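Per this note's numbering, residue 1 is the first one in the sequence shown, and the count goes up by one each step.
If you are wondering where the hints come from, they were derived from the structure by calculation, not from laboratory data.
Hints are all accurate, no fakes.
Dumping the calculated DMTMM-like pairs for lysine to aspartate or glutamate here, alpha-carbon to alpha-carbon at most 25 Å:
| hint | residue 1 | residue 2 |
| --- | --- | --- |
| 1 | K251 | E210 |
| 2 | K438 | D453 |
| 3 | K251 | D307 |
| 4 | K438 | E504 |
| 5 | K533 | D583 |
| 6 | K251 | D212 |
| 7 | K533 | E504 |
| 8 | K438 | D572 |
| 9 | K438 | D456 |
| 10 | K251 | D86 |
| 11 | K438 | E520 |
| 12 | K533 | D693 |
| 13 | K533 | D662 |
| 14 | K438 | D458 |
| 15 | K533 | E520 |
| 16 | K438 | E592 |
| 17 | K438 | D583 |
| 18 | K438 | E495 |
| 19 | K533 | E592 |
| 20 | K533 | D572 |
Small disclaimer: the values here were computed from a predicted structure and weren't measured.
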Amino acid sequence: MPFKRIWMIGLFTLILISLRVSLTHAEPVRQSTSLTLLAPAGCPAGGCAAGQRLSYRLNFEVGQYAPSASNPNVKVCVYLPANWLDASSVQMDTTGGFTGISYTNVTSSGCAEDTLPPTGYVLASAVQTQMNAGYFYDTLNFHFRIARSATAPGSILMRVFEDTTGSGTWVRTGQAFTSQMSVLAWTGSTAYIAASPSACTQLPCFLNSEGDAAGGVGTGLRDAIDALPAGGRVVVLGTVTLKGQAVTLNKPLTLEGGANAVLTGDGSVCNNPMLEITAGATLRGLTLNDDPCTSPNRTLILLNTSDAVLIESNDLFNGADAISVANVGGSLTVRYNHITGNSGYALYWGSTSSAPLVLVANNLHQNRSGSAVECAAGATAPVANRLANHNYWGEGVVPSANDSHCTLDPARRLGAPIARNSTSAGVRAARLTVTTTKTYLFDNQIALQRSSDGSDVDVYVVNHGMDVPASVPSFSAGVGSPNPCGYAFDVFLAENASPSGTLELSFKYNRSAACIAVIESTQYCELSANASKYPLWWLDPAGVLTAGWDTTGQNPAGSGAGGVSGQTTTCDMGQDEIRVAIDTSGKPSFSELGFTPFMVGLPIPATFRLLASNQTVTVQWSTTTEADITGFYVLRSLSATGPFDPITDLIPRKGSALSGSDYTFVDGGRTNGVMNYYRLKVMRADGGYVYSDILSIVPNTPTPTFTPTRTRTWTPIPTFTATFRPFPSPTRAATTRPVNTPTRVASLTPTRSATAITGTPRTPTRTATPTAGTPGAPTPTIEGYLPPEQGTPFPTSDGGYLPPAEPTLNPGGTIEATTTATVELSGTPASTEVETTITPSPTASLEAPASVRSASDWISLVLGLLFGGSVGLGFLWYLFLRKERQDHSDV
Numbered sequence: 001m002p003f004k005r006i007w008m009i010g011l012f013t014l015i016l017i018s019l020r021v022s023l024t025h026a027e028p029v030r031q032s033t034s035l036t037l038l039a040p041a042g043c044p045a046g047g048c049a050a051g052q053r054l055s056y057r058l059n060f061e062v063g064q065y066a067p068s069a070s071n072p073n074v075k076v077c078v079y080l081p082a083n084w085l086d087a088s089s090v091q092m093d094t095t096g097g098f099t100g101i102s103y104t105n106v107t108s109s110g111c112a113e114d115t116l117p118p119t120g121y122v123l124a125s126a127v128q129t130q131m132n133a134g135y136f137y138d139t140l141n142f143h144f145r146i147a148r149s150a151t152a153p154g155s156i157l158m159r160v161f162e163d164t165t166g167s168g169t170w171v172r173t174g175q176a177f178t179s180q181m182s183v184l185a186w187t188g189s190t191a192y193i194a195a196s197p198s199a200c201t202q203l204p205c206f207l208n209s210e211g212d213a214a215g216g217v218g219t220g221l222r223d224a225i226d227a228l229p230a231g232g233r234v235v236v237l238g239t240v241t242l243k244g245q246a247v248t249l250n251k252p253l254t255l256e257g258g259a260n261a262v263l264t265g266d267g268s269v270c271n272n273p274m275l276e277i278t279a280g281a282t283l284r285g286l287t288l289n290d291d292p293c294t295s296p297n298r299t300l301i302l303l304n305t306s307d308a309v310l311i312e313s314n315d316l317f318n319g320a321d322a323i324s325v326a327n328v329g330g331s332l333t334v335r336y337n338h339i340t341g342n343s344g345y346a347l348y349w350g351s352t353s354s355a356p357l358v359l360v361a362n363n364l365h366q367n368r369s370g371s372a373v374e375c376a377a378g379a380t381a382p383v384a385n386r387l388a389n390h391n392y393w394g395e396g397v398v399p400s401a402n403d404s405h406c407t408l409d410p411a412r413r414l415g416a417p418i419a420r421n422s423t424s425a426g427v428r429a430a431r432l433t434v435t436t437t438k439t440y441l442f443d444n445q446i447a448l449q450r451s452s453d454g455s456d457v458d459v460y461v462v463n464h465g466m467d468v469p470a471s472v473p474s475f476s477a478g479v480g481s482p483n484p485c486g487y488a489f490d491v492f493l494a495e496n497a498s499p500s501g502t503l504e505l506s507f508k509y510n511r512s513a514a515c516i517a518v519i520e521s522t523q524y525c526e527l528s529a530n531a532s533k534y535p536l537w538w539l540d541p542a543g544v545l546t547a548g549w550d551t552t553g554q555n556p557a558g559s560g561a562g563g564v565s566g567q568t569t570t571c572d573m574g575q576d577e578i579r580v581a582i583d584t585s586g587k588p589s590f591s592e593l594g595f596t597p598f599m600v601g602l603p604i605p606a607t608f609r610l611l612a613s614n615q616t617v618t619v620q621w622s623t624t625t626e627a628d629i630t631g632f633y634v635l636r637s638l639s640a641t642g643p644f645d646p647i648t649d650l651i652p653r654k655g656s657a658l659s660g661s662d663y664t665f666v667d668g669g670r671t672n673g674v675m676n677y678y679r680l681k682v683m684r685a686d687g688g689y690v691y692s693d694i695l696s697i698v699p700n701t702p703t704p705t706f707t708p709t710r711t712r713t714w715t716p717i718p719t720f721t722a723t724f725r726p727f728p729s730p731t732r733a734a735t736t737r738p739v740n741t742p743t744r745v746a747s748l749t750p751t752r753s754a755t756a757i758t759g760t761p762r763t764p765t766r767t768a769t770p771t772a773g774t775p776g777a778p779t780p781t782i783e784g785y786l787p788p789e790q791g792t793p794f795p796t797s798d799g800g801y802l803p804p805a806e807p808t809l810n811p812g813g814t815i816e817a818t819t820t821a822t823v824e825l826s827g828t829p830a831s832t833e834v835e836t837t838i839t840p841s842p843t844a845s846l847e848a849p850a851s852v853r854s855a856s857d858w859i860s861l862v863l864g865l866l867f868g869g870s871v872g873l874g875f876l877w878y879l880f881l882r883k884e885r886q887d888h889s890d891v
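All chains should be modelled from the sequences, with the hints used to inform the complete structure.
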């Protein structure tokens, strides 16, 4: 065998041996004695908090011991500064991390082998073992908590002893200590927890250590709870990960979040709750989610306490049950929370206790199917002291007292989601004690004040925001809304409140300069003698007192209003406010302050009506102001509940902030005798939109009025109807059946322009052009505007619809469009039914850019490369074999 082959085989054998050794000993051999901090990564800049748990790895070298299978011959002793020791928290591993042999804890008998113990230190832990020959290194993990009373800096000391003779002759063969660490002593009753030392922007700050033991040991939250006195406060800084064991809140305290605070899981164990409350507690301002666990999810909060609990202003999502009650002896209040996306209940009460519940001003949508809340599992009727009014349950969702066993009134549900806080968890809602001092809330957008002849009263204020249409409270799919000029609010009395005198509510209308200009014009607030026109609106969810949205100054127009008057309403143009005085003399009164949405806004459209004719519906609307409006879509459905599809492109506004206009759209080709439903989608300049009311109409039965006469006459200029498609194509052929004659083709190049609606406001021109050959079926048109062909609309995530697509511009600058035409020909053919192909100008191009290769091009390229590479490799292999044969012949 040639020498070079022997050399290669030897090298390969050495590589295999090295690989085997590295796999056998995954951890590198350390020929030293040291202490390594495992967790946390370090202490905050201001020092480790007294009460912080630390996890170290003890690395030690041995080799002077006399081997023994029965007598201890290696001992490790760990010392701490005297004022650092919390003996109950010390934990030393009893299995060697490198050798896997067992150690015995002998802390109670001390470390007598150490004849010179360090001054100022106390023994924290001691373990020993017996080693046979061949062991030279081992590791042990060591955990302890700096005592809550610690004040001075210090370090950790480890000493290693070996019996060198086998007869009790112990020699210290190793020693290591950490650098000195600062300790932050306690000065208050607030602690902070964070994910890393750099995230500890406030002190004292606790961090996760190693391990995951019962009660949450191994988390910074557990350390903070144990370090705090009763009544203390833990603040979460940023995102902090909890572990598989539930963290127990076993003393009265407040757990709250700073800006963007999140508590999440690590996914290691998914069948324990994340938090377990076993004492009176308050949870506030937290985002609590169980993202890593999916099957199963974890319960987010488990209550098992005899004390009162308050859960407010939190985001609770991606759990099993968001809140589960095993036992509560005191009252449970759950308010201002955003609880969504949980596979189980938003709140599940499985306890048989008689404690009361107040569940108010929460978003409770998109949790389990069915009832999102169970107020008394196993009950057969609603429980009187479990109140669940004034929550948002989901769009169109009406809660059931019988299903949930809660005491609730479906009319007292919220008609829109509560706006979420922008920089913290929870929703924008508050409970306020109203006094004679005017108090503003929510960016000064609402103020409350009582009269001097009344008494203080507690009310809830819920802010739905200005994100239309989601922010507009709605209880009926057919009711439109004003165009908001401020936030939409719900204002309702707190439980057992007894108002008296007059309650004054003030609402801002300063959403935009256009809103201010319109409301302070002669259309509204300048009409000082007609307060019924002031655009402060309220809504009766039951639809009895109001007819949709009524102004607070008008006499309510609902079928059940009974002629009652409105309330005193005034404008304060210096403060950009509209103010209503609530008392018992009109509506809304104190009795309506249990289910009353309010909003300042402008009515758009001012009028809206439908006219029917043969196979045609004419849609007409008018406006008095178009502040912050860009245009309108006409929507149509064959069902009162939708879906509603857009049947026009955006119809641009013709009015302005201070003037309106009139609009007409003719919708032809409708089926006589079939009910059609219409509404307007009013587009705002900020991208939002509001809807009008829904109107319905039936087109009239057709009455023949003429018989079209076909003439074989050449018409140089064709009559055609341009049809927009959601997905444009370069050409379109309108094909009819030829009768006894070959098809004649006429190629025309019409010029088409899409012109905005023009004309004098309130007098636009409308044209309905019938198509020859289809008697009585006019094509709906608006001057300068071509409606799209009816087809499938594009649904949007918010439940609305986008209009069909416009013609698209190709990279080469050509436009794709489709045009059909009806052409009359003169001559000898016996029929006027022809196939006509219209090629629009400019001509559409469907060619892909030169830089784009087809799939077959790429496949050909790859196959070519593979084939070429195979040939090259084959040639190299041939040269190699040839060289080998030459070598053999030389030998």
